[in-house]
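Starting from the known structure of chain X, arrange chains R, V, W, Z and E on it as the hints suggest.
Chain by chain, the residues run as shown.
6 protein chains.
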Amino acid sequence: MDVYTLGEAFAVVTSSRVRHEHEARLDVTGAEFIVAVGLARLGHEVAWLGKVGGDEAGARILTVLRGEGVDVSDARAQEGSPTGMLLKEVRAGQEAKTTYYRTGTRLAQGNVPVDRIAGSRFLHVSGITAALNARDAMHAAVRAARAAGVTVSVAVDYREQLWPDLREATEELGALACSADVLFVRQSELDLVKPALTGDREIIVMRGTRGVSVRVDGVRHDLPRPATPVVDPGGSEEAFVAGYLSALLEYLHPADRLRRGNLLTAFAASGPSDWQGLPTTAELPLLEIEG
Amino acid sequence: MDVYTLGEAFAVVTSSRVRHEHEARLDVTGAEFIVAVGLARLGHEVAWLGKVGGDEAGARILTVLRGEGVDVSDARAQEGSPTGMLLKEVRAGQEAKTTYYRTGTRLAQGNVPVDRIAGSRFLHVSGITAALNARDAMHAAVRAARAAGVTVSVAVDYREQLWPDLREATEELGALACSADVLFVRQSELDLVKPALTGDREIIVMRGTRGVSVRVDGVRHDLPRPATPVVDPGGSEEAFVAGYLSALLEYLHPADRLRRGNLLTAFAASGPSDWQGLPTTAELPLLEIEG
Amino acid sequence: MDVYTLGEAFAVVTSSRVRHEHEARLDVTGAEFIVAVGLARLGHEVAWLGKVGGDEAGARILTVLRGEGVDVSDARAQEGSPTGMLLKEVRAGQEAKTTYYRTGTRLAQGNVPVDRIAGSRFLHVSGITAALNARDAMHAAVRAARAAGVTVSVAVDYREQLWPDLREATEELGALACSADVLFVRQSELDLVKPALTGDREIIVMRGTRGVSVRVDGVRHDLPRPATPVVDPGGSEEAFVAGYLSALLEYLHPADRLRRGNLLTAFAASGPSDWQGLPTTAELPLLEIEG
Amino acid sequence: MDVYTLGEAFAVVTSSRVRHEHEARLDVTGAEFIVAVGLARLGHEVAWLGKVGGDEAGARILTVLRGEGVDVSDARAQEGSPTGMLLKEVRAGQEAKTTYYRTGTRLAQGNVPVDRIAGSRFLHVSGITAALNARDAMHAAVRAARAAGVTVSVAVDYREQLWPDLREATEELGALACSADVLFVRQSELDLVKPALTGDREIIVMRGTRGVSVRVDGVRHDLPRPATPVVDPGGSEEAFVAGYLSALLEYLHPADRLRRGNLLTAFAASGPSDWQGLPTTAELPLLEIEG
Amino acid sequence: MDVYTLGEAFAVVTSSRVRHEHEARLDVTGAEFIVAVGLARLGHEVAWLGKVGGDEAGARILTVLRGEGVDVSDARAQEGSPTGMLLKEVRAGQEAKTTYYRTGTRLAQGNVPVDRIAGSRFLHVSGITAALNARDAMHAAVRAARAAGVTVSVAVDYREQLWPDLREATEELGALACSADVLFVRQSELDLVKPALTGDREIIVMRGTRGVSVRVDGVRHDLPRPATPVVDPGGSEEAFVAGYLSALLEYLHPADRLRRGNLLTAFAASGPSDWQGLPTTAELPLLEIEG
Amino acid sequence: MDVYTLGEAFAVVTSSRVRHEHEARLDVTGAEFIVAVGLARLGHEVAWLGKVGGDEAGARILTVLRGEGVDVSDARAQEGSPTGMLLKEVRAGQEAKTTYYRTGTRLAQGNVPVDRIAGSRFLHVSGITAALNARDAMHAAVRAARAAGVTVSVAVDYREQLWPDLREATEELGALACSADVLFVRQSELDLVKPALTGDREIIVMRGTRGVSVRVDGVRHDLPRPATPVVDPGGSEEAFVAGYLSALLEYLHPADRLRRGNLLTAFAASGPSDWQGLPTTAELPLLEIEG
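Chains as they are written, first to last, in my numbering: chain X, 82 to 372; chain R, 82 to 372; chain V, 82 to 372; chain W, 82 to 372; chain Z, 82 to 372; chain E, 82 to 372.
Calculated directly from the structure, the hints in this document are not laboratory data.
Hints may be right or wrong, so weigh each one.
Which copy? The list can't say, so a pair holds if one copy fits it or any two copies do.
[As the list claims (entries may be wrong)] Calculated cross-link-like contacts (lysine to any residue; reagent style SDA-like; alpha-carbon spacing at most 20 Å):
#1 LYS275 - MET82
#2 LYS275 - ASN192
#3 LYS178 - THR279
#4 LYS275 - GLY161
#5 LYS178 - THR362
#6 LYS178 - ALA158
#7 LYS178 - GLU369
#8 LYS178 - LEU365
#9 LYS178 - SER154
#10 LYS169 - ASP196
#11 LYS178 - ARG306
#12 LYS178 - SER162
Here the structure is a predicted model, which means the values were calculated and not measured.
Pulled out of the complex, with its shape left as it was, chain X reads as follows (with noise of 0.2 Å):
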């Protein structure tokens, strides 16, 4: 396995003016979904664990990830419980609205394959994660691949409204940071996670519309955001965590990482999917973006 990863996945619904219109869009999502697709359809063999609700939309979830040739065997769904969901207003030119309608379907420590973490390159989770049912797992999951001398890649991915306590996250947040190799965190996450800005992870920090950049070796590389045309932003920093991932797991050098990053960044914003705008690798010349 060339990249575990866990977390939560849910059922999303968009609408471009809740207050008013019928017309909506159902699809699925989940930062480590995203992930996950993003680094199959390059080629790579990824694991995704994560508890589904015993329903529709559950079943909706483990058939896109089986049909993209991600790993769900760990994957359950839990009957009698539905699956998470989320509500998204997406207005041109302005920042998403988000409703989560969380549920009960929780992923236990238990439930995390230690000897199959220990058989992977990567570990990769996100903070959002720490801040729903999953948490334990994540510890577990993140605790035997340290153990076992698997890269962790952590996304810090603070969401406001589902941390009604900043201490509480500024704490879960730093934690998990530290125990990053590689760590993807926004210009304004920087400040919650200052104690893992020290030492010798690989850290990305992602500065929107002012681009990305990486120091590694102590060489700082920088790149502009694509300016590529933007249909929805949703699942933007997703792809292109999977995109320097990718890049990563393939050995190529630190400017190229973020140069994949920001590709993966413009196929995701294409279109009004999180994940269905994901480039398999015969696709990557479709789209061009500089740097």
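Chains R, V, W, Z and E only, in chain X's frame:
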């Protein structure tokens, strides 16, 4: 006020196949919400009491009710809490699958305006509210109505997935039904509310494909189900309740009460929304049903 | 020319619920427009005369007719005047509500090419034209046809909202019907055109759910309404007229005239457009109706 | 009442290509309708006076306004007369083509409630009303406002196709502008209202791509046009008026009035509806514009 | 492996009116594709063998099958060759018109994994494959199955436009039918496969509106067609095959085999897709059919 | 006849993501089809020669052309053969992926009406036709034109997937280009048609994002690409050809020829169809482009 009603309202997302389709429909609904709209369109003065979330879905619920002329001056939006949500799969010829996403919005006993209820002709409540967050508020409203001699209308409306414990449902719904002067009960719910089936209350039995019946002053009246096109059956029973109550408020003959109930059922089922198809008084002649 | 026809054509917007829905359908239509398309698809030579507005809707009307092979060389676009418009609400199982937006486009008597009418086998007009801006032109056309021995086909087509004065309607439509050799009349219109019911004209009575009938040479022929799916009944009667006239032009037996009329009704009603569903000769066998 | 406004409202059908497409969008709109919704969403008390048809489109207009909290107690539905209609073709990068379907609904002088206007802080009217059926009513309202010292706000809003006679437009709109305390005028309309450009009224000039400006107390303030995405520019100018007036009602600085006007322009243009995109006070920070 | 199947799969575009409409639906389909999905959803182990094009449509076919848990490890994508395509016109009440766009993708005899077929309980093939590019491969598979004592299931599935020469069809399909242990044949195809109608094979006759029948051990069982709503009949017969085979694999009684076949027909026809409506075992009780 | 043109036309299905989406758009298109419509809308007399299938798609092609006023009296529908089809994936910011489904419809040399071509001012052909089934017919047409002194216009229009053998393409397209009086060539095709770049023919070079240029009488004229919104670039180059030829037919100055070409490019790209956005002469001022 002709009718005071209270309960929960929801955003509702409808899909023809949750497992596969992208296209979905976003609307708002709620058992008493539908009854309130149905009565207001027929010219009655109606007030709806409920708590919605402090979000766009909550704004939509209140906007629709206000637009329809329903008095929402007692309703509240609860900042920081999302509006509840339903995800429905509606496939031709099959019973809908519904997932409830309940949230922390909660109508408390203290939110119930005893005086306004006492000043109404009817109070209408539904058993679904007894299963949700507003049970205490509902009991307070029923007590206030009974104390003031206000006619109490109850729809049993048992929803299996909301009552994990059947005994609790039997107890709660049975007691609620016993408070009713007018009782709407499905054939399948007769056992649940057995203690309420005696006495001189007006009991309307909804027998699905076998039509509706009521016994008034010892005479039983029966009407077959209307043979009109069904686009989406959602909201049909609530529409029946609105039609029946409207005819009762106008002192129509029991057979005419059933007839108007059926008529509203036919209107509601003729389109995809639970409430948009409800007729104004002027529109009543547009649909012809037998009986 | 097999059939010359004249009348008004309109842009038509159809909604399933004008009060609430955003989704609508834009098309073009018109009583004689439909008859012309129906006849042309069945291989007859047809000309349509009318005035449309000098706008995109007018261009659409002429483009459709030209595309279908209807001769529109006499038709005109009137710059500076918009094309008329209909707003229709079509709800399952209910009679459509139609609003007419009439405009200043007016076919004048002088626009009627007497010679071309005289050179046709049939002239077809509809009573709706007598209620609209083209009444004088229609009379001129009928006179020209009668003078030249051209068979005159008339559909009574009384539309209540276009005739504020019932007496005027009775007078106008009665006189028009008396000019007909072939008369299409709804059961409900029989009283309006009483004076035309005697004599030896061919009178086809359209009885809605009770089917159609015609008396030819003292023999009455009856056909029940086709039991095929109805998606939108708009254009059904005009389709019947086209089918009947087509069979008459081909000297088919009266029972076969009714049958082809019914067949075109079934085709027209099987889709949302008033005319798009009309069959070519090759498509006639695709739908099976009884009779 | 903060603002009293009066005018006509319409059903509006939007198509991306009237000549070819079936898909269309049905909505409602109106110059003062948009201003009223914009002000109500920002927390102001607004009343809208107008006559709609006694049909579903008219019901939609009143339902929307009531739902938004606009006071429509003076508005009337005129039975037997349809609501006016607009047919718009909106193609990317091109000016919209609009066809007006005007009807007999007419707001008469006698419908104007002089007392209620006298009791408002502002009266807002638009020049489009002077071209339509409600001109006399509008004059009566302006007189009532001036007599009572109510601030009169006027948007010149010259629409070429509604004024067959340019001289009449110049006279009417010039006189109307001279009654204004606050005057919204497009760059291209300056010549039409020349007599009103002197004096101490507050004149806001809308220069399209070159931004907006206002001179207050001898100081000119300028703001560029917002560089936010434009999905459909319909309603942008009316949104500007609502934003500006809202800021004026809150005694904001002239530069902040322009800024709020621009902000509402950006919100309105970010979606297909003329008014659905208008923000509540809480939503104002969601869009960032320069200036 | 419970069932091994092989054949062609296609992209399919469905339109309600090819001549006029812009709106269309893009999906994937195939006779054995549908059978495979139907069986997999009911919990059976199924493998599908086929060659798709090296394009997005081919990727979609394999993604769907993989997502549904069908084993596609033997299937191949052929670079440089497009996936076949169907264009279907589906109009209410009319038989679909289908155009086949066949391409160079061709399953060769050498692609057939004899061992895997020998290790399966059933082999299922359909006569449409005999008419397409994979005939030799199909024969090889049938030979392998018969040699290994694997039950051979054949659906005759004669499609007129794919067999220019009726004699060739009779020969090919007759021979194929004679290889079958279980034979699915339409009433209209009985003449084509006369030689196969004797012997002790299990012959299921699909009589369209007159239902289905089977003779097992000398006893004939009959079931009427289900009276459930038909949204799109596409895929109904293949769904029947999947249901029947599933019941056969579970050793159900012949009458129950027909019943499950009918049940799957009803599910498949209840939506626009040929396969999306197919039920999981848990969904089977959601639709009620007689019989 | 101003322009005679010949070639193939296709049904075209457009999807934003073939791998996932159900929603698609069905239209018709063709290189010379677009040029013909573009010229007809600008008032020129145009004839289009081609063979379509004897199916609904073929009927749509001929209906559209006839509706637009293009002379299709030489065109034929070939019974028993389907119309060719394109499947296009159009994703924001990416080059379209197109799959060609070619069929047996074939325009033969004998179908070319030499006299009608000889009587035209221009013959227009495109290199795509040389790669498809109508090559011989195209050569016959070019010979007829040259023999009669008719101006020959050629668009090189090299499509990689239609020419398996580059050498053949170079030979064929080079020879075709040498027959041209007016030659439209993409920057990327200059090498393919080298022998045609000398001589005094009018060569228009389409440089994509770098604009267009032409050298006439030794003077080179350049125009940048129009900066108007691009909804779907399909048909842009053919629209350019139509605009350029139209201006040439009207003896406009070379710079104005480029300008009109660019203008039609902008119109064509402003909507999803290859040809629906093309302007009439009256619409030309609706779009403003620089240059």
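Going down the list of hints, with the structure as the test:
1. LYS275 - MET82: neither (31 Å within a copy, 53 Å between copies)
2. LYS275 - ASN192: Neither. Shortest intra-copy (31 Å) and inter-copy (46 Å) distances fail the 20 Å Cα cut-off.
3. LYS178 - THR279: Neither: 34 Å inside a copy, 46 Å across copies.
4. LYS275 - GLY161: Cα proximity of LYS275 and GLY161: none, with 41 Å in one copy and 29 Å across.
5. LYS178 - THR362: between (33 Å within a copy, 15 Å between copies)
6. LYS178 - ALA158: Between copies only: 17 Å across chains, 28 Å inside a chain, cut-off 20 Å.
7. LYS178 - GLU369: Cα proximity of LYS178 and GLU369: across copies only (15 Å, versus 30 Å in one copy).
8. LYS178 - LEU365: between (31 Å within a copy, 13 Å between copies)
9. LYS178 - SER154: neither (33 Å within a copy, 27 Å between copies)
10. LYS169 - ASP196: Result: close neither inside a copy nor across copies, 37 Å intra and 39 Å inter.
11. LYS178 - ARG306: Answer is neither; intra-copy 23 Å and inter-copy 25 Å both fail.
12. LYS178 - SER162: Answer is between: at 14 Å across copies they meet the 20 Å cutoff, but 25 Å inside does not.
Of the hints listed earlier, those the structure fails to meet are numbers 1, 2, 3, 4, 9, 10, 11, in rising order.
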